[in-house]
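2 protein chains.
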Amino acid sequence: MAKGILFVVSAPAGCGKDTILEKALAKEINLCYSVSATTRAMRAGETEGISYYFKTREEFEKMIADGELLEHTEYCGNYYGTPKQTVLETLELGQNVVLKIEIEGAENVKKLMPEAVLVFILPPSMQELDRRLHKRGTEDEETIAKRLKQAEKEISFAVNYDYVIVNDDLNKAVRDFVAIVDAESFRTNRNKEYIDLLKNFTVK
Amino acid sequence: MAKGILFVVSAPAGCGKDTILEKALAKEINLCYSVSATTRAMRAGETEGISYYFKTREEFEKMIADGELLEHTEYCGNYYGTPKQTVLETLELGQNVVLKIEIEGAENVKKLMPEAVLVFILPPSMQELDRRLHKRGTEDEETIAKRLKQAEKEISFAVNYDYVIVNDDLNKAVRDFVAIVDAESFRTNRNKEYIDLLKNFTVK
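Heads up: the protein sequence lines correspond to chains Y and D, in order. The first sequence begins at 60 in the numbering used here and counts up one residue at a time. The second sequence begins at 60 in the numbering used here and counts up one residue at a time.
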């Protein structure tokens, strides 16, 4: 059985990354999220090892120091990160894994696992991104201006990704992402064992 | 507009290459065959420049000598080849092109156009290929044995291709091929102009 593939998805705020992944994972494709580690407190209904691996700040910082995380970030005073071992074990089972992370994290993953496939989701245009951020109605003008500036910065990193998807039509963007996940499994370098098996078999 | 992509498909006899391509091209995807050049006589219903570019032997050999063909082969005493200019002009229009050619031709195309995407279609197993060749009922035992030997040789070249598809279930193989055609259009290196456009646009 071929090993699973690690996908990394990044996008500026307002590009629909969460919805695209949610809809893609709802389809019957070989793809799952990895369980992250975090220092934030467990909430009602959450389960250790399923929702997150819950860690103390000391435990988390030891994981960073020991190189046990593929990437990590700090958000609202809490650490969030991807345990390398969890990802590797899932890939070993032939299961594809997707990480939804920022560009710095993505670059780190690619450094540690060059075979990871990086996908960047682009807005159809900056005007449209501007319009979408206003439409959400959750942020003031200053925050939106900051988000647009941040988006421009992030988009300049898109060239380091393997694929770019334009989220113009949501359903098309989901199909595009699924096509990438499917197509990557047919890459020759992921199927060498199968080719060897065929090659070394002589009929009769 | 992004330039078209050149796809090259090869497979041993009996692997369903023709049917897969026929079914894929019947879908609404951006993909067409290139018009080949040939020295064989024009048949009733055929049109110059649509069915083939009909050439004399001298003209064809001059095209070979002048490097005007991406690949060529001789079959039953006639030359068949792919004019480079025709392919380039079609790609310029943003149209993807597929060539259905043997491994030697495919290697030549990849040498002349390294950005071409090579897809190899594999049988599920050599036993199954053996069964399918017998089922066609068009060849005697000796010919089938030769075809299997040839298939083994060809499969050892699959590692030089970008993708391999296993034709176990025909409809799945068609979907797999379409996923590859779709996904390749999202490769970052084919979308750099779009990223640049976004990057260089400042809202307000």
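Among the hints, a few may not be true.
Intra- or inter-copy, both count: the list cannot distinguish identical chains.
SDA-like cross-link-like pairs, simulated, lysine to any residue; straight-line CA separation at most 25 Å [claimed, not checked]: (1) K258 / E161; (2) K258 / R190; (3) K231 / V218; (4) K86 / S244; (5) K258 / E211; (6) K231 / S215; (7) K231 / Y253; (8) K86 / E201; (9) K194 / C91; (10) K194 / T247; (11) K121 / D77; (12) K62 / K231; (13) K169 / E198; (14) K251 / E187; (15) K231 / R99; (16) K212 / L90; (17) K231 / L256; (18) K212 / S110; (19) K170 / Q154; (20) K258 / E148; (21) K170 / K251; (22) K251 / V237; (23) K170 / D221; (24) K231 / R116.
In short, the hints are calculated from the structure, not lab data.
Consistency of the hints with the structure:
{"no.": "1", "hint": "K258 / E161", "result": "between (42 Å within a copy, 18 Å between copies)"}
{"no.": "2", "hint": "K258 / R190", "result": "between (55 Å within a copy, 17 Å between copies)"}
{"no.": "3", "hint": "K231 / V218", "result": "within (22 Å within a copy, 32 Å between copies)"}
{"no.": "4", "hint": "K86 / S244", "result": "both (17 Å within a copy, 22 Å between copies)"}
{"no.": "5", "hint": "K258 / E211", "result": "between (49 Å within a copy, 6 Å between copies)"}
{"no.": "6", "hint": "K231 / S215", "result": "within (23 Å within a copy, 37 Å between copies)"}
{"no.": "7", "hint": "K231 / Y253", "result": "between (32 Å within a copy, 18 Å between copies)"}
{"no.": "8", "hint": "K86 / E201", "result": "neither (38 Å within a copy, 47 Å between copies)"}
{"no.": "9", "hint": "K194 / C91", "result": "neither (30 Å within a copy, 41 Å between copies)"}
{"no.": "10", "hint": "K194 / T247", "result": "neither (44 Å within a copy, 29 Å between copies)"}
{"no.": "11", "hint": "K121 / D77", "result": "neither (30 Å within a copy, 57 Å between copies)"}
{"no.": "12", "hint": "K62 / K231", "result": "between (28 Å within a copy, 20 Å between copies)"}
{"no.": "13", "hint": "K169 / E198", "result": "neither (32 Å within a copy, 51 Å between copies)"}
{"no.": "14", "hint": "K251 / E187", "result": "between (43 Å within a copy, 19 Å between copies)"}
{"no.": "15", "hint": "K231 / R99", "result": "neither (35 Å within a copy, 44 Å between copies)"}
{"no.": "16", "hint": "K212 / L90", "result": "neither (29 Å within a copy, 35 Å between copies)"}
{"no.": "17", "hint": "K231 / L256", "result": "between (37 Å within a copy, 21 Å between copies)"}
{"no.": "18", "hint": "K212 / S110", "result": "neither (31 Å within a copy, 50 Å between copies)"}
{"no.": "19", "hint": "K170 / Q154", "result": "within (21 Å within a copy, 35 Å between copies)"}
{"no.": "20", "hint": "K258 / E148", "result": "neither (29 Å within a copy, 38 Å between copies)"}
{"no.": "21", "hint": "K170 / K251", "result": "both (23 Å within a copy, 22 Å between copies)"}
{"no.": "22", "hint": "K251 / V237", "result": "both (23 Å within a copy, 22 Å between copies)"}
{"no.": "23", "hint": "K170 / D221", "result": "both (14 Å within a copy, 23 Å between copies)"}
{"no.": "24", "hint": "K231 / R116", "result": "neither (41 Å within a copy, 48 Å between copies)"}
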